[in-house]
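As they're listed, the protein sequences go chains L and R. Using the numbering used here, you'd call the opening residue of the first sequence number 1 and step up by one each time. Using the numbering used here, you'd call the opening residue of the second sequence number 1 and step up by one each time.
I should point out that these hints are in silico values taken from the structure, not numbers from a laboratory. Worth double-checking, as some hints may not be accurate.
Since the list can't tell identical chains apart, any single copy or any two copies may satisfy a pair.
Said to hold, decoys possible - Straight line, CA to CA, 25 Å or less: simulated DSS-like cross-link-like pairs of lysine-lysine: (1) 126 to 85; (2) 85 to 292; (3) 410 to 236; (4) 83 to 181; (5) 415 to 95; (6) 181 to 85; (7) 292 to 254; (8) 411 to 181; (9) 83 to 291; (10) 236 to 411; (11) 236 to 415; (12) 236 to 407; (13) 410 to 33; (14) 181 to 410.
2 protein chains.
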Amino acid sequence: MSMLVGNCLVAQSGGPTSVINASACGVIQEAFKTGEINQVYGALNGIAGVLNEDLFSFNEEAPEEIELLKVTPASALGSCRYKLKSIEQSEGDFKRIIEVFKAHNIRYFFYIGGNDSMDTAHKVSKYAQSVGYDLKSIGVPKTIDNDLPITDHTPGFGSTAKFIATSMKEVGLDARVYDYKTVTICELMGRNAGWITASSALAKTHEDDAPHFIYLPEIPFSFEQFDKDIRYALDKYNYAVVAVSEGIKDAEGKYISEMCSTVQMKDAFGHVQLGGVSTVLESYVSQNICKKVRAVNYSTIQRCAAHCASLTDNEEAYLCGQMAVRYAIEGHTGKMVGLFRDNTSEYKCSTQLIDLDDVANKEKPIPREWINEDGNFVEQQVIDYMRPLIMGEVKIRMENGIPRYCKLSKKVINKSVEPWDAK
Amino acid sequence: MSMLVGNCLVAQSGGPTSVINASACGVIQEAFKTGEINQVYGALNGIAGVLNEDLFSFNEEAPEEIELLKVTPASALGSCRYKLKSIEQSEGDFKRIIEVFKAHNIRYFFYIGGNDSMDTAHKVSKYAQSVGYDLKSIGVPKTIDNDLPITDHTPGFGSTAKFIATSMKEVGLDARVYDYKTVTICELMGRNAGWITASSALAKTHEDDAPHFIYLPEIPFSFEQFDKDIRYALDKYNYAVVAVSEGIKDAEGKYISEMCSTVQMKDAFGHVQLGGVSTVLESYVSQNICKKVRAVNYSTIQRCAAHCASLTDNEEAYLCGQMAVRYAIEGHTGKMVGLFRDNTSEYKCSTQLIDLDDVANKEKPIPREWINEDGNFVEQQVIDYMRPLIMGEVKIRMENGIPRYCKLSKKVINKSVEPWDAK
Chain L
1 MSMLVGNCLV AQSGGPTSVI NASACGVIQE AFKTGEINQV YGALNGIAGV LNEDLFSFNE
61 EAPEEIELLK VTPASALGSC RYKLKSIEQS EGDFKRIIEV FKAHNIRYFF YIGGNDSMDT
121 AHKVSKYAQS VGYDLKSIGV PKTIDNDLPI TDHTPGFGST AKFIATSMKE VGLDARVYDY
181 KTVTICELMG RNAGWITASS ALAKTHEDDA PHFIYLPEIP FSFEQFDKDI RYALDKYNYA
241 VVAVSEGIKD AEGKYISEMC STVQMKDAFG HVQLGGVSTV LESYVSQNIC KKVRAVNYST
301 IQRCAAHCAS LTDNEEAYLC GQMAVRYAIE GHTGKMVGLF RDNTSEYKCS TQLIDLDDVA
361 NKEKPIPREW INEDGNFVEQ QVIDYMRPLI MGEVKIRMEN GIPRYCKLSK KVINKSVEPW
421 DAK
Chain R
1 MSMLVGNCLV AQSGGPTSVI NASACGVIQE AFKTGEINQV YGALNGIAGV LNEDLFSFNE
61 EAPEEIELLK VTPASALGSC RYKLKSIEQS EGDFKRIIEV FKAHNIRYFF YIGGNDSMDT
121 AHKVSKYAQS VGYDLKSIGV PKTIDNDLPI TDHTPGFGST AKFIATSMKE VGLDARVYDY
181 KTVTICELMG RNAGWITASS ALAKTHEDDA PHFIYLPEIP FSFEQFDKDI RYALDKYNYA
241 VVAVSEGIKD AEGKYISEMC STVQMKDAFG HVQLGGVSTV LESYVSQNIC KKVRAVNYST
301 IQRCAAHCAS LTDNEEAYLC GQMAVRYAIE GHTGKMVGLF RDNTSEYKCS TQLIDLDDVA
361 NKEKPIPREW INEDGNFVEQ QVIDYMRPLI MGEVKIRMEN GIPRYCKLSK KVINKSVEPW
421 DAK
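Bound-form chain L, shown alone (with noise of 0.2 Å):
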């Protein structure tokens, strides 16, 4: 058990999640309690902040709105895309975040994130030994992704999966109230893994139900095999719905939604930027099978939608951030806190710490025997595993009709050391 008193840091990095914010709530109140921490810093933007020295106090703001964070999507200590270099290529940030570190005795680090960031926290350990400064840094999942290695699953997924879940079972319905044949195209995210796009399964309650197929990255995309899908689909439901992510690639590794990036337009506008795939199957199928088709692009919609989450992802990505002072405090370091499901009949996940040499960069897609033989829609092992993730219902505090989400006031502290001169 390490008896260090010292101050905190916790900071969020990549891209938001419904329940980023449940994870640095549980940082910030599980520290509150340990009674081994003075005060609790939060960095603005990610390792942007601390390089910059940007840090704010949650000593600081209002007990009541560090609740409300709980609920609150997106990332509300803000994030950054900065990605740390090795070591040898670039000790002077290094160096520069033990400096930051050191002027306000911060002993604690907690980086929320996704691949990159327990790729920083795992950096930040190590070289934090190397010149003998004592500081726990431990990972804190967080990916609507779904693609960090040996964790059942990431916070943020659940949540993700039910508000596509839920949302692809309306447009569904919507989907199919004409006598006339449509088609809807509905892209979500995931450029390498599919296991968002993988999630409208669970949408499907009745055979006739949307969506009918499903297209993966993981899973080379054919448009033979497409044009026949949606065919069977319109003879036999009337309507297609179909499922598709962002990243799928052809046979030659080609991603399909480069198929129409740059092009001119009329009225010399210039040039525009194509909407992606979706926008490429849909004038795929305006072109070959049917004119009433719409493609629906849920981007960033689906990585925010805080008052659909699970309460499950909400009280596990919670528990993740408490169980992270926890660990800290025991005295590890390097570690990310990883999820595991117990072999019960009954959905249980508990916490378990995972080296960050193990999880850093990699990636996890979806196996490939839990996709069917023709790589056209998902088998029964996807939505056992997934179904557990979506139960449940956050209690939103509502105001005027609309969510009342925390606002933090995120008063910079006076800064100790030089301004940061990035080279």
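Following the hints, complete the assembly by docking chain R onto the known chain L.
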């Protein structure tokens, strides 16, 4: 008081909403209660189902499923876009409708829909009177567009507004997490009236909240103003989120969305229909202002998000269906049920009949004085008018983590008349 004992028919038309089925449920449950009505029929796909004699009976549906109709989005009876011409131009259609009504002793006709549907209910009422067939035909308003005249507002609008306000709050939080400047362009429905797009203003609590600017079809769109607005928001808030109606036009009345209609794609893939106005504006921003720009098109997601429906809207939709039956039993015909707001400090609404003559084929835009002088945001009147319409949440029955919506069997009854031969 009409003492006519007969059957009734309910049908739905036009685009779906989150509460069009609540109105159907109001009709059906009230019709069962009256003691004046034997069979409560539904027509598959609106007036097309009447012409084809595709009728089913709600007496044969499970009461539990009928109850679930109250919260189920999209048109559960099926919809159509069939538009009746004038009685002179297509008397055949009207003769056929009365033939089908006679065959099933249908004496009450409830048509739930928007502008075109009110026109249909109107013409059917007039034609029945002209041929001496005793029929009570009542229109029940529905449209997310909120563009029907006279009625204070239209069922369907409040739920779309609540979802838009909720999701825009979330997308707005998502759009501001990074330390670099980003632009987000949210495209909302509305060809000629900007009510839906204006409802995004309900998302704004603090000055720096999204949306920063709103572009409506009521105001000619100018790229100069848009350019100025985006730069202002980026400068002041470091991010810009704007809401834009699909139907905005330039000063010459040309749709902005048509600036990109059909273009040649690379790889000889053929032609592609671009995504509409948000794609055009995204392209403009990317070329002229900021590379980090994203188009978010709410597409059909916005009109069927019953999981985020307004309780006020849901109850009023039900009330309109219920009152349609009471008015018909009282002997009224050729009327639409309208909603009238009491002139009290607390919001209260009740129904009155409106002559279908006064609503059919007319549209209600946002008054100019409810839009700011620059034409790029709405005034407080819009907020005061809309806020009560999004209040309250509908309790949804959840099953396996997603909403359990109604599933009707819709078993078509035996046909009594010859097949319809549309000429």
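- Can you list which hints this structure breaks, lowest number first? none
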